[in-house]
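2 protein chains.
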Amino acid sequence: MASNLGFEIRLLPLARVKYTAEPEGAATVDIPEFGLQAEIIGPAEQMPQVSRLIRELAVEMGQQENESLSLTREIVDRYEQLAILFEMSERLGRAEDPGARAGAVLETALESVGASGGCLLLSGPGRLLYFLKTETEEERSQLLALAEKAGHLGRASVEERSHIAMPLTVSNRGTIGGLALGPKERGSYRSGDLKLLATLAAYAALFFDSDRLYQDLEALFFGTVRSMVEAIDAKDPRTRGHSERVRKHSLMIAQELGIEGRAAKRLELAALLHDVGKIGLPDSILNNRGDLSPQQWELVRQHPQMGLAIMSPVANIDDILPAIGEHHERYDGQGYPSGKAGEDINLFARIISVADAFDAMTMERTYRPTFTKEQALREVRENSGSQFDPGMAGIFCQKLTAKS
Amino acid sequence: MASNLGFEIRLLPLARVKYTAEPEGAATVDIPEFGLQAEIIGPAEQMPQVSRLIRELAVEMGQQENESLSLTREIVDRYEQLAILFEMSERLGRAEDPGARAGAVLETALESVGASGGCLLLSGPGRLLYFLKTETEEERSQLLALAEKAGHLGRASVEERSHIAMPLTVSNRGTIGGLALGPKERGSYRSGDLKLLATLAAYAALFFDSDRLYQDLEALFFGTVRSMVEAIDAKDPRTRGHSERVRKHSLMIAQELGIEGRAAKRLELAALLHDVGKIGLPDSILNNRGDLSPQQWELVRQHPQMGLAIMSPVANIDDILPAIGEHHERYDGQGYPSGKAGEDINLFARIISVADAFDAMTMERTYRPTFTKEQALREVRENSGSQFDPGMAGIFCQKLTAKS
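Going line by line, the protein sequences match chains A and B. The first sequence begins at 1 in the numbering used here and counts up one residue at a time. The second sequence begins at 1001 in the numbering used here and counts up one residue at a time.
The shape of chain A in the complex, shown without the other chains (with noise of 0.2 angstroms):
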């Protein structure tokens, strides 16, 4: 029998119920009201859907319930629960970040008792909303209204037994959000699907919390490396804001790229820290006016090495320090320290090297005049493919013509 889901389904002779959590899946049905039993084969990650199918098959071909059959429908629903939490174990671990995560929950309780739409709530600071399914306003607003209950009074409630709402929440810690469903598509809520939708959201809340506080670190810790840099620039009143442009423009760079989540927050923490060398330079060096003596020149080009030797002992740093010490070099393979050419320099120190330099040239300087950003994007444009990656360069001056 062919459904409408893409499965293959035999029936068989009775046998027992079977479930195999493979990528390919196989899941058996017994329906012993018919002494038949159903063997399903296809993606596991449906598996908990078509289980929810045969039993509804099971339903229309004889309404006769008997003892017997609705033990069988309750042990078929027992395994399809564990089949779900799996499920949602997987899809949890494909989500990249807390809004996918969202989605992966909410599709998954929407799945698992069949209901029309759903709405998910992050309360506090961070706070998140996420809709599947929904299409007026007026059922936004009532999940959300919902949701908002649950996670408030911290415990979960069925309405009028066509809308189901749940706290998500944190042993210790109290609860973060609300999870709240629309109707089913079919029948009405039961105290089992009251009992999933609860372990279900108890796991949801524990992710939740655990990338609030991944976030919250997160945050702390781009605020402070991004303070002291800060303070570091803002010893030369000329370079104040250096590296927060640089960051800012490097961002924008990668974004045109396609360089997003994680990837991005590493090319910004590169691009706060390409710099971070400069701690070393002597104030003579930093405030001076007139023209930099060949020593203090040569001090200042050890910046990217000095930043290499200042970050080289941290631990999960390596993919940014070759960043920090190529930032100086050039595409035609003149730059310093090393004069790697091309590609050999390493992606994010090219991203910078653009921004970087951009900044430097709009900087008021003594030893050079100031440009302009006309100027400046001219500069860029003219040294594309000596001194910068002439993709880079490209992207840059694309971008920054198109703001102004």
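Source of the hints: derived by calculation from the structure; they are not laboratory data. Where a beta carbon is used, it is the ideal one built from N, C-alpha and C, also for glycine. There is no bait here: all hints are sound.
25 angstroms max Cα-Cα, derived DSS-like pairs, lysine-lysine:
1) Lys265(A) x Lys1265(B)
2) Lys1195(B) x Lys1184(B)
3) Lys195(A) x Lys1195(B)
4) Lys1235(B) x Lys235(A)
5) Lys1399(B) x Lys1248(B)
Computed spacing ranges between beta-carbons, pair by pair:
6) Pro337(A) x Tyr1336(B): 40 to 46 angstroms
7) Ala219(A) x Pro1294(B): 39 to 45 angstroms
8) Asp1283(B) x Ala360(A): 21 to 27 angstroms
9) Gly1261(B) x Leu292(A): 48 to 54 angstroms
10) Leu1129(B) x Ala309(A): 31 to 37 angstroms
Fit chain B to the supplied structure of chain A, relying on the hints for placement.
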């Protein structure tokens, strides 16, 4: 009927199976074979164990299994599985570090199948090995070998029906460890046990993976701050390593006060950052080998406020700021900048103050004699209650005296 688990069990006329996941839980288990129902009231966390006990009672009471009884038992199993997974989420929520989380997972795994002992292994950097209820070295090495094998092969295995091993796998990121359980107290492993343990292992893997991401970020954060602070300290050869020593000594005091886990991490960060305001001091002050002028002293004395000014824009740093701003306050109210006294001074600041002053005394200074460790400890003792919180000064002197 009283059980050996401190639960009250009453036999009632037959009804449906019920389970309530309240802190004070209640479960009702059918034993239809005898027209009986057991109602259980007791702590929710032990409910899975008790449900198992009841089931086992039923088995003992009559060995005449019929289909209805076995189906009912299967339903109880399935309910138990949800209850077990719910219970694990509660335990994970209460656990504060990876060791505690490993314990929570292993404890749940053992209880869920009634296994005699187990082992949880997280491989790679930050390797973690956790045993529960194992008695002999032989037992431990057998379990460890199984957990390693499951982690290596990335799939579950049952060894001679007596041992079971599960990989800890996160979709898209691969296998990060393994879980191995010894023989069941009753019977051998069944496919239902495998399914439950697979789901349990999937969630455990997600949590350990997210823990690892957090720890990696934390190590990167602390390493970066430490390196930057060290580079600032090193501008004056006499203060090289100062902030790192203050961190270490502050942590030593904190441990004695029972400050641990996340709170201890916050203190470490505060100690590393206590002198961050010195970024703004000119080299002429940092490298001064003679007496500072009154104007220069005034600048030096502003470093707590400068630290506050640098750090206050940072997110999630509110608990650290007072430590930066108040580490030069004195217990007797004669410190700067605000003249706060006693326990009005932030706890972290009172801890850091002792560690900071001790380190300053033992550093080479031109404007006062360098103290030996013993002289500096005497100085701390003599200024206990005036400059220093006597509690902090006492712990510091005691610990440092004990060390030598």
